[in-house]
Amino acid sequence: MIENEKAAEKADEKAAGEKTLSAWVKRQNAGLWFGLCFLAFSVLFFRLSFDLPYQSRLGAGPGMYPRWLSGIAIGVALLYIWQSCTVQVFRVGDSFPGRRALYNVAEIFFSCLVFLMLLNSVGFIVAGSLLLFITFARHYRVWLAVALSIGITLVCYLVFKVCFSVPLP
Amino acid sequence: MDSLMGLWSGFEVAMTWQNLLYCLIGVTVGQLVGVLPGIGPTTATALLIPLTYGMAPVSAIIMLSGIYYGGMYGGTITSVLINTPGEAASVITCLDGHEMAKQGRAGVALGVAAIGSFIGGIASILGLALIGPPLAEFALRFGPTEMFSLMLFGMTMVVGLMGTSIVRGLVAMFIGLTLSTIGMDPVSGMLRFTFGQPFLISGLDLVTISMGLFGLSEIFLGMENLTAVGKPEKLSSLFPKKEELKSTGGAIARGTGLGFLIGLIPGTSSAIPALISYSLEKRLSKTPGRFGKGAIEGVAGPETANNSYCGGAMIPLLTLGIPSSPTIAILLGAFIMHGLTPGPILFTQDPTFVWGVIASMFIGNLLLVVMNLPLAGWWAKIAMIPAKLLYPIVLIVCIVGAYTVSNDLWDVGVMLVFGVVGYVMKKIDIPMAPIVLTYVLGTMMEKALLQSVKMNNGSLIGLVQSPISLAILILAAIVLVGSVLAEIKNKKAAIAGDVD
Numbered sequence: 062m063i064e065n066e067k068a069a070e071k072a073d074e075k076a077a078g079e080k081t082l083s084a085w086v087k088r089q090n091a092g093l094w095f096g097l098c099f100l101a102f103s104v105l106f107f108r109l110s111f112d113l114p115y116q117s118r119l120g121a122g123p124g125m126y127p128r129w130l131s132g133i134a135i136g137v138a139l140l141y142i143w144q145s146c147t148v149q150v151f152r153v154g155d156s157f158p159g160r161r162a163l164y165n166v167a168e169i170f171f172s173c174l175v176f177l178m179l180l181n182s183v184g185f186i187v188a189g190s191l192l193l194f195i196t197f198a199r200h201y202r203v204w205l206a207v208a209l210s211i212g213i214t215l216v217c218y219l220v221f222k223v224c225f226s227v228p229l230p
Numbered sequence: 080m081d082s083l084m085g086l087w088s089g090f091e092v093a094m095t096w097q098n099l100l101y102c103l104i105g106v107t108v109g110q111l112v113g114v115l116p117g118i119g120p121t122t123a124t125a126l127l128i129p130l131t132y133g134m135a136p137v138s139a140i141i142m143l144s145g146i147y148y149g150g151m152y153g154g155t156i157t158s159v160l161i162n163t164p165g166e167a168a169s170v171i172t173c174l175d176g177h178e179m180a181k182q183g184r185a186g187v188a189l190g191v192a193a194i195g196s197f198i199g200g201i202a203s204i205l206g207l208a209l210i211g212p213p214l215a216e217f218a219l220r221f222g223p224t225e226m227f228s229l230m231l232f233g234m235t236m237v238v239g240l241m242g243t244s245i246v247r248g249l250v251a252m253f254i255g256l257t258l259s260t261i262g263m264d265p266v267s268g269m270l271r272f273t274f275g276q277p278f279l280i281s282g283l284d285l286v287t288i289s290m291g292l293f294g295l296s297e298i299f300l301g302m303e304n305l306t307a308v309g310k311p312e313k314l315s316s317l318f319p320k321k322e323e324l325k326s327t328g329g330a331i332a333r334g335t336g337l338g339f340l341i342g343l344i345p346g347t348s349s350a351i352p353a354l355i356s357y358s359l360e361k362r363l364s365k366t367p368g369r370f371g372k373g374a375i376e377g378v379a380g381p382e383t384a385n386n387s388y389c390g391g392a393m394i395p396l397l398t399l400g401i402p403s404s405p406t407i408a409i410l411l412g413a414f415i416m417h418g419l420t421p422g423p424i425l426f427t428q429d430p431t432f433v434w435g436v437i438a439s440m441f442i443g444n445l446l447l448v449v450m451n452l453p454l455a456g457w458w459a460k461i462a463m464i465p466a467k468l469l470y471p472i473v474l475i476v477c478i479v480g481a482y483t484v485s486n487d488l489w490d491v492g493v494m495l496v497f498g499v500v501g502y503v504m505k506k507i508d509i510p511m512a513p514i515v516l517t518y519v520l521g522t523m524m525e526k527a528l529l530q531s532v533k534m535n536n537g538s539l540i541g542l543v544q545s546p547i548s549l550a551i552l553i554l555a556a557i558v559l560v561g562s563v564l565a566e567i568k569n570k571k572a573a574i575a576g577d578v579d
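Chains as they are written, first to last, in my numbering: chain A, 62 to 230; chain B, 80 to 579.
To be clear, the hints were calculated from the coordinates, so they are not data collected in a lab. Treat the numbers as computed from the prediction; the structure is a model and nothing was measured. We put the beta carbon where it would ideally sit given N, CA and C, even for glycine. Don't take every hint at face value.
[Unchecked claim] Pairs of lysine-lysine, BS3-like flavour, derived with a Cα cap of 30 Å:
#: 1; chain 1: B; residue 1: LYS533; chain 2: B; residue 2: LYS505
#: 2; chain 1: B; residue 1: LYS467; chain 2: A; residue 2: LYS222
#: 3; chain 1: A; residue 1: LYS87; chain 2: B; residue 2: LYS467
#: 4; chain 1: B; residue 1: LYS460; chain 2: B; residue 2: LYS372
#: 5; chain 1: B; residue 1: LYS365; chain 2: B; residue 2: LYS325
#: 6; chain 1: B; residue 1: LYS460; chain 2: B; residue 2: LYS320
#: 7; chain 1: B; residue 1: LYS320; chain 2: A; residue 2: LYS87
#: 8; chain 1: B; residue 1: LYS325; chain 2: A; residue 2: LYS87
[Unchecked claim] Here are the simulated distance ranges between beta carbons:
#: 9; chain 1: A; residue 1: TRP94; chain 2: B; residue 2: ILE280; range: 28 to 36 Å
#: 10; chain 1: B; residue 1: MET84; chain 2: A; residue 2: GLY132; range: 49 to 57 Å
#: 11; chain 1: B; residue 1: ILE464; chain 2: A; residue 2: ARG202; range: 12 to 20 Å
#: 12; chain 1: B; residue 1: LYS568; chain 2: A; residue 2: ARG152; range: 24 to 32 Å
[Claimed, not checked] One-sided excerpt, in silico: chain A residues whose CB lies under 7 Å from chain B:
#: 13; residue: ALA91
#: 14; residue: GLY92
#: 15; residue: PHE106
#: 16; residue: PHE107
#: 17; residue: SER117
#: 18; residue: ALA121
#: 19; residue: ALA134
#: 20; residue: LEU140
#: 21; residue: SER156
#: 22; residue: ALA162
#: 23; residue: ASN165
#: 24; residue: ILE169
#: 25; residue: PHE221
#: 26; residue: VAL227
#: 27; residue: PRO228
Make the full structure from the sequences, and use the hints.
Dropping the structure here:
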């Protein structure tokens with residue numbers, strides 16, 4: 062157990078010393094990056110709220126509530142960034158899984174993208190089968206992955222199209 | 080007396096064959112998602128909403144609420160038999176439930192959990208039937224000013240109680256509130272933040288947001304670790320020993336009261352009463368050393384509490400129109416989609432609907448006991464479906480569910496974006512429930528605030544002039560200050576712990 066911990070520490074030190082892109086990503090503060098994205102999101106809404114009237118004939122205009130809201134959100138974002146840098150730091154390398162696990166996650170994401178791009182042109186059965194095949198391919202034999210993908214897609218198609226009248230393309 | 084009459088008329092609605100069928104479908108889906116790790120009642124409810132468009136409102140809500148309380152029963156089975164909680168509220172049941180199973184007492188653990196769940200569920204629905212109407216009558220005095228303060232109070236509870244940090248809770252809250260401003264302004268009808276996209280005119284859809292945040296992000300998380308689950312333990316007798324009856328009964332009674340009371344508080348989750356009940360039982364026990372080694376009270380108390388919570392959590396929704404948990408927020412969305420306005424008027428305007436739903440919960444609980452006691456072993460086998468097969472199936476069902484919202488790929492794209500956001504948020508410990516809750520409350524809150532400002536000639540003074548509103552605002556301030564102080568204290572404790 063102690064040996065394992067020492068090995069992990071050595072690996073961490075090695076990663077910290079490395080100058081590869083992977084090591085750089087692992088060292089990043091995930092909370093800080095999320096905070097910056099949230100700050101940008103709040104600033105965007107705050108800026109756009111000035112395009113809306115603050116007052117109207119009815120009293121408060123459509124811009125009043127979003128302006129106050131996004132203004133306070135900017136404050137919260139700054140507070141969160143401060144907290145992420147000082148109180149609780151979430152390093153990418155500690156919070157996110159290793160390469161193999163992340164590959165599984167990316168597989169799901171890209172299969173969804175493929176589905177989105179293909180659905181309107183090839184229809185649900187082909188796009189759905191392809192989505193499932195991408196996710197099954199690494200875990201089952203090819204023939205089983207193909208059979209499972211087509212079978213599950215057909216069942217889904219029948220249930221949603223026939224039973225619930227969902228207009229799937 | 081009025082409540083009893085209402086309940087009787089509710090049974091007439093709930094006992095029609097269509098509603099019985101929808102109740103059965105709801106509790107079966109609930110039980111299923113409770114059993115399957117990774118898919119919770121929130122995702123399942125969001126997923127099935129688009130399929131209820133063509134249904135009568137009462138049938139739709141009967142089915143969707145069945146998923147909500149059905150999920151609480153299902154989670155127990157896998158916690159006891161394979162040490163894998165199906166949903167958050169059943170995590171604590173693993174401690175003693177699985178230990179009992181290893182000692183050959185799996186049947187007793189499941190029997191006690193099912194009976195406790197049934198008693199807790201029925202008692203809390205009775206509480207709902209008795210407390211609901213007078214509370215709704217009182218809430219009729221609430222104008223926009225009071226409603227705004229009440230919603231603000233709800234939000235402070237959500238931020239204060241959910242998650243480990245109030246700042247992270249606030250981040251989630253402001254994401255939800257800001258997103259709720261997209262689309263048509265509720266008062267003037269002017270378009271806001273639509274970026275010229277016609278899809279954004281009516282705002283983002285609650286169902287797609289929820290499916291992304293709760294469903295897709297869970298699939299991403301589940302795909303990280305595709306290890307197989309263990310074999311279920313064998314089942315034995317379902318009933319406890321004679322000498323255990325007294326302690327079990329006490330745990331069930333305490334769990335019922337605790338769950339119901341916590342359900343009334345906005346911002347709580349079903350895991351909270353389960354956790355409190357466990358620690359209460361351990362503290363009250365003469366032999367606390369048994370806990371974690373197969374103590375029957377450690378199963379009976381928490382399981383009763385999380386089911387009792389469900390009935391209690393329906394009270395703020397039906398009487399005030401305020402959701403207390405993410406699943407209830409999605410139920411609120413379903414109410415709106417079916418043209419219903421949850422809140423005090425619902426009891427007087429549509430009593431058949433309210434009592435029909437309440438009565439169906441009695442029937443649903445009965446169905447769940449029947450489904451649980453003899454069929455527990457069979458349900459446990461479902462949980463053994465390998466993750467590498469299960470998650471892609473859930474993924475395609477989620478995609479079709481999102482597509483159904485407006486029969487357009489736009490909603491699938493929105494779900495994908497929120498899935499990624501939800502995954503990242505889980506990794507950095509930002510709670511997601513406040514996003515959904517504040518997204519639902521945001522529009523209502525803005526409308527109430529603007530109406531209040533207009534009634535007071537452009538001033539916010541009305542918020543403190545109304546005694547009810549003032550009292551609620553003071554409560555909200557206390558909760559907020561209390562949460563901040565608790566966080567500072569916890570931080571100090573954590574630092575002290577580090578030093579030790």
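Comparing the hints with the structure gives:
{"no.": "1", "hint": "B:LYS533 / B:LYS505", "result": "violated (40 Å)"}
{"no.": "2", "hint": "B:LYS467 / A:LYS222", "result": "holds (26 Å)"}
{"no.": "3", "hint": "A:LYS87 / B:LYS467", "result": "holds (27 Å)"}
{"no.": "4", "hint": "B:LYS460 / B:LYS372", "result": "holds (25 Å)"}
{"no.": "5", "hint": "B:LYS365 / B:LYS325", "result": "holds (13 Å)"}
{"no.": "6", "hint": "B:LYS460 / B:LYS320", "result": "holds (27 Å)"}
{"no.": "7", "hint": "B:LYS320 / A:LYS87", "result": "violated (55 Å)"}
{"no.": "8", "hint": "B:LYS325 / A:LYS87", "result": "violated (55 Å)"}
{"no.": "9", "hint": "A:TRP94 / B:ILE280: 28 to 36 Å", "result": "holds (32 Å)"}
{"no.": "10", "hint": "B:MET84 / A:GLY132: 49 to 57 Å", "result": "holds (51 Å)"}
{"no.": "11", "hint": "B:ILE464 / A:ARG202: 12 to 20 Å", "result": "holds (18 Å)"}
{"no.": "12", "hint": "B:LYS568 / A:ARG152: 24 to 32 Å", "result": "holds (26 Å)"}
{"no.": "13", "hint": "ALA91", "result": "holds (5 Å)"}
{"no.": "14", "hint": "GLY92", "result": "holds (5 Å)"}
{"no.": "15", "hint": "PHE106", "result": "holds (5 Å)"}
{"no.": "16", "hint": "PHE107", "result": "violated (10 Å)"}
{"no.": "17", "hint": "SER117", "result": "holds (6 Å)"}
{"no.": "18", "hint": "ALA121", "result": "holds (5 Å)"}
{"no.": "19", "hint": "ALA134", "result": "holds (4 Å)"}
{"no.": "20", "hint": "LEU140", "result": "holds (5 Å)"}
{"no.": "21", "hint": "SER156", "result": "holds (4 Å)"}
{"no.": "22", "hint": "ALA162", "result": "holds (4 Å)"}
{"no.": "23", "hint": "ASN165", "result": "holds (4 Å)"}
{"no.": "24", "hint": "ILE169", "result": "holds (5 Å)"}
{"no.": "25", "hint": "PHE221", "result": "holds (5 Å)"}
{"no.": "26", "hint": "VAL227", "result": "holds (5 Å)"}
{"no.": "27", "hint": "PRO228", "result": "holds (5 Å)"}
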